[in-house]
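Protein chains in written order, with the working numbering: chain A, -14 to 268; chain B, 600 to 756.
Don't take each hint at face value.
To spell it out: a stretch of chain A is covered by chain B in this simulated footprint if at least three of its residues, at any positions, have a beta carbon under 8 angstroms from a beta carbon of chain B; those stretches are [stated by the list, open to error]:
{"hint": "1", "segment": "0 to 14"}
{"hint": "2", "segment": "59 to 66"}
{"hint": "3", "segment": "84 to 97"}
Distance condition first, Cα-Cα at most 30 angstroms in a straight line; then the derived BS3-like pairs of lysine-lysine [as the list claims (entries may be wrong)]:
{"hint": "4", "chain 1": "A", "residue 1": "LYS45", "chain 2": "B", "residue 2": "LYS637"}
{"hint": "5", "chain 1": "B", "residue 1": "LYS680", "chain 2": "B", "residue 2": "LYS670"}
{"hint": "6", "chain 1": "B", "residue 1": "LYS694", "chain 2": "B", "residue 2": "LYS705"}
{"hint": "7", "chain 1": "B", "residue 1": "LYS622", "chain 2": "A", "residue 2": "LYS70"}
{"hint": "8", "chain 1": "B", "residue 1": "LYS648", "chain 2": "B", "residue 2": "LYS638"}
{"hint": "9", "chain 1": "A", "residue 1": "LYS165", "chain 2": "A", "residue 2": "LYS147"}
{"hint": "10", "chain 1": "A", "residue 1": "LYS188", "chain 2": "B", "residue 2": "LYS690"}
{"hint": "11", "chain 1": "B", "residue 1": "LYS622", "chain 2": "B", "residue 2": "LYS637"}
{"hint": "12", "chain 1": "B", "residue 1": "LYS637", "chain 2": "B", "residue 2": "LYS648"}
{"hint": "13", "chain 1": "A", "residue 1": "LYS147", "chain 2": "B", "residue 2": "LYS622"}
{"hint": "14", "chain 1": "A", "residue 1": "LYS70", "chain 2": "B", "residue 2": "LYS637"}
{"hint": "15", "chain 1": "B", "residue 1": "LYS637", "chain 2": "B", "residue 2": "LYS654"}
{"hint": "16", "chain 1": "A", "residue 1": "LYS70", "chain 2": "A", "residue 2": "LYS165"}
{"hint": "17", "chain 1": "A", "residue 1": "LYS70", "chain 2": "A", "residue 2": "LYS45"}
{"hint": "18", "chain 1": "A", "residue 1": "LYS145", "chain 2": "B", "residue 2": "LYS622"}
{"hint": "19", "chain 1": "B", "residue 1": "LYS638", "chain 2": "A", "residue 2": "LYS45"}
{"hint": "20", "chain 1": "A", "residue 1": "LYS70", "chain 2": "A", "residue 2": "LYS188"}
{"hint": "21", "chain 1": "B", "residue 1": "LYS654", "chain 2": "B", "residue 2": "LYS670"}
{"hint": "22", "chain 1": "A", "residue 1": "LYS145", "chain 2": "A", "residue 2": "LYS45"}
{"hint": "23", "chain 1": "A", "residue 1": "LYS188", "chain 2": "A", "residue 2": "LYS147"}
{"hint": "24", "chain 1": "B", "residue 1": "LYS690", "chain 2": "B", "residue 2": "LYS705"}
{"hint": "25", "chain 1": "A", "residue 1": "LYS165", "chain 2": "A", "residue 2": "LYS145"}
{"hint": "26", "chain 1": "B", "residue 1": "LYS680", "chain 2": "B", "residue 2": "LYS690"}
{"hint": "27", "chain 1": "B", "residue 1": "LYS622", "chain 2": "A", "residue 2": "LYS45"}
{"hint": "28", "chain 1": "B", "residue 1": "LYS716", "chain 2": "B", "residue 2": "LYS705"}
{"hint": "29", "chain 1": "B", "residue 1": "LYS638", "chain 2": "A", "residue 2": "LYS70"}
{"hint": "30", "chain 1": "B", "residue 1": "LYS622", "chain 2": "B", "residue 2": "LYS648"}
So, partial list: chain A residues that the calculated Cβ filter (under 8 angstroms) puts toward chain B [said to hold, decoys possible]:
{"hint": "31", "residue": "SER18"}
{"hint": "32", "residue": "ILE20"}
{"hint": "33", "residue": "VAL29"}
{"hint": "34", "residue": "HIS74"}
{"hint": "35", "residue": "ALA78"}
{"hint": "36", "residue": "PHE133"}
If you are wondering where the hints come from, they were derived from the structure by calculation, not from laboratory data. Model, not experiment: these values are computed from the prediction. Heads up, the beta-carbon is just placed ideally off N, CA and C, and yes, glycines get one too.
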Amino acid sequence: MSSAGTEVTSSEYIKHHLTHLSSSPQTSLVDFSVIRWDTMFFSVLTGLIVIFLLRAAASKATAGVPGRFQAGVEMLVELVEDQSKSIVHGNRAFIAPLALTVFCWVVVMNAIDLLPVDLFPMLAGLMGIHNLRPLPTADLNATLGMSFGVLILVLYYNLKIKGIGGFLHELVAAPFGTSKNPFFAVLLAIPNFLLNIIEFVSKTVSLGMRLFGNMYAGELIFFLIALLGGAWAGFGVGSVLAFLGHIVAGSIWAIFHVLIVLLQAFIFMMLTLVYIGQAHESH
Amino acid sequence: MNLNATLFAQTIVFIVLALFTMKLVWPFLIGAIDERRKKIADGLAAADKGSASLKDAEVRIRQLETDARAKAQEILAQADKRHAAVVEEAKAAAKVEADRLIAGAKAEIDSEMQRAKDTLREQVAALAVAGAEKILRREVNAQAHADLLGQLRQELR
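Let's have the full structure, built from the sequences with the hints guiding it.
Here it is, written out as structure tokens:
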């Protein structure tokens, strides 16, 4: 347990682990004057790890016989390249690297969840930091921030491919179509526009929420499993059973979570490609 | 589930990371992959070409082998013919030489025989004269009959 020496209840333990290291305590639901240092630190750290590894592979990349590391990275690159090629029809000079970055970054961020839940909070506690959540993707700000970035790119590519006029026309003309009659044209434009706005919002929110929800739930289950081991109270039937339960449940959940880590990262990458691909296609 | 400024910071980090990958990672890796693909394609093409030229070479070798076999056969036939001719020639030469030798030997034998005959005749003549002398010495003067004896010796020769 993070605060050794003092007895904490289960709910206090969970609450403690769900509290971010913030610049100031957040009272309202939305408060843009607050920033969460733990999310920022770990997402930037994982981002740096990712680009360091990718850069290391890229700078040593040869066309000759590749090393294992290079071959592994190349497998990823080819996977992403194939996916982006089949989804996005247009210039992929930025989109394919974007998808690679998204995939690798989300994988590494998610993988923090596989580390012991008390490891980083305890290390932080030694340095005098009392609240820390090391898993950035279990922070809605991080995942929505990324999907916000995707939204910006979707809007950018919409404007780039279709032009301002084309994009505005599509906003009011799709998906219900438009009419030659000005009255009906305006009548159709209102639901068209509303539906497009709803589509953009729902895409962005669902993209961020999906990753957040999965990782938050996974993290929470790790906390609950950690409570089993935390229930140790000297040798006794209950303690030993809880300890064994921790080991068994923790192992099973961690193994299963490997799938979730990779799957959610893959889904996030694919949806990013799909949304940007849609921006390339006019209705 | 509270929203705060982390969202915007994360958005910026996201785009910065993607830009970094685009500039400094993706081109190198995809370049290496494409170059290797090209190398592999070239290698496969070269292998195809190699196997085709191997087939060509095999055909050529078979042709050469047939030619060589035919030539060898020809040379053998020629050699046989030549061999027969040489033997024939040698036989003829030997015959000629043998004939010559035989003729020489015969001539020598003839002349030898002639010489033996002559010697024999001389000795017979001398013997006859000696006998006649012995007979005549009592009654005939050798000087008186010298002409006769000489004549006789001449005749016996």
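**Asked** Looking at the structure, which of the earlier hints fail to hold?
**Response** Hints 10, 16, 22, 30, 34 contradicted; others consistent.
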